[in-house]
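Undergrad: Use the sequences and the hints to build the structure in full.
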Amino acid sequence: MFAEKVIELLKETERNPETIDQFNDEKIRQILEEMQLLFKMNMNDANATMDNKALWTTVQVRHSALERNKRCLLAYLYNRMNKIKTLRWEFGSVLPLDVRELLADEEYDWFTKYSSNLATYMRSLGQDTGYNGIDLTENLKPPKSLYIEVLCVLDYGKLELEDGDVIMLKKNSRHFLPTTECQTLIRQGILKQIT
Amino acid sequence: MEFSNYLSITDILVTNERIPCKFLHDLPKMGFLDPSAADDDLKAGTNAEIPIWLAESLYTRRPPLVNVELPKTYKDSYREILNADACTVDLHKLGQHFYELGCYVAKHDIKGEVGSTLINTLRQRFRMLLSASVATDSISAMQPLSASERLQAAAAARTERNLASWLQRGDCPLTTANMVANHRKRKRAEMEMF
Amino acid sequence: MDSNEDIYLSDNEEEITAEIVLKTLQSAWQNERLAPEILPHRSDMVECMLGQLQHMERNISKLPKTDLRASIHKMEISRIKFIICNYLKIRLNKIEKYCIPIIKDERQRTDSGTNYLTPSEYKYAQEYLLNMENHMKNVILNKVPGNMQSFDMNKMAEHPNLQTHVFLKAHETVNGVVLEDLVGEDEEIDLEEGSQHILQYKPIADLVKNGKVQLV
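Residue numbers (my numbering), protein chains in the order written: chain A, 24 to 218; chain B, 310 to 503; chain C, 285 to 500.
Once the Cα atoms are required to be at most 30 Å apart in a straight line, the calculated DSS-like pairs of lysine-lysine come out as: (1) K494/B <-> K194/A; (2) K381/B <-> K28/A; (3) K215/A <-> K164/A.
To be clear, the hints were calculated from the coordinates, so they are not data collected in a lab.
TA: Here it is as structure tokens:
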């Protein structure tokens, strides 16, 4: 049957909706090859339709299969683009190496462009009032208290607070910090709120 | 239909399901579409099950190349069961994408009975969905639900949980972002394998 | 928040209080959260509120660190910041998801001066779509057979589901709202001031945009 490889590719993606998998270079190459083959067969048969009119319908059927393959490949790519967007909002503009390795070079390119477009937009916010932009990836939840108690999960290093104090974030150390200054670190999995 | 856009993976998987068709014209070199035939060419009058996406594109040609028939899940006998008591049916087994597939099939049902069965089925099963979303034993309650029903019930359950925790403590602690946490979990699992 | 303090809206030279600005912003936020499609922007309110926040932050910095008033004001500031961020983020999400129809409609709206997006949002949307098109071309489209390499906007477009149902409250009495039935039989209803309803979004979309009803 037509377009079966590409379905395997999509089912693979569906299995892990919460993470992004390695870009499947090899399978995409195979699918593109299959498309070139179908296209070639169609070229040959299209030239032969003069003698055999019925071949024309065959050409149309193959063309549907080609369109189907194209649609599936684009859907695969688009689904990954949405995941890569989530990466930008959750990890920030710098991806950990092990996550970055899962993206194709072109995808990392797209990530960088997406990220810089977002940054340009965020910088434009509030310019008339003298704000130098607003980071929309912060303030994701309504604040409940000004200070919260947090546990440090990883060795992070120095953190300078707004009031000028500097604290050391070491693995397993506990801190009592202003909510606004640690929410990004919590989202990135460096701190954990103790409740 | 909200799911039926060009880039939707759900729609692509739904349209990958096979439905029975009757071919109205000869198709040279397309014999492989009918696994029971040994010929290279497909003859007019052949019956075969083909994916919806192909059936749709053949049906919309002028003149149509195929006649689309109802899959058995949407025929009289199943419709009778569904209309009598839809809650007893395990939609997960009957067809993961029962409603979505039904929307495609309904177009080819001149009497319009498939459409009303779909609505009737959802109406009857709505209470079941509700109870699945608040069930304590959620795994067995979710079992007989179709793919989209599962998504609905899971969303309802999530809302229910959030509301409960908000009512209890009036507080929602800050947490690690979803993808960050999942990637870290996966990395840990991979490391443990070695 | 100092609600007695008056601030200026530079556009129409009309004096409004910070309290009204916040209320308007909150209602715009709530509508944006609940409406399936993008709504006309309220950057006037956002800018106004940001100005107010900056003013508050300056005042706080004059207070000693331990002053209770400083803590209360800080809390208020982060609450308002949350609303602003969430509001703008929801708009961005819609802009990304529905970028093709939004850009198309916006082009016409800009001509008539009734644009829904702010200039930066519009720029963001165009850049986003351009990046998406280029990415798809680089990875897939340039490598498929010659006669099918096009990036087809009409096919690719994703549209918001305007048939979805919403909860709403009428700010004022609206007579003769026409609801379309599935079988094509129209029904007319009246919304009384203060009444609440569950209706399809499409027939009341304009009422949300002109502020006659509030989504809840």
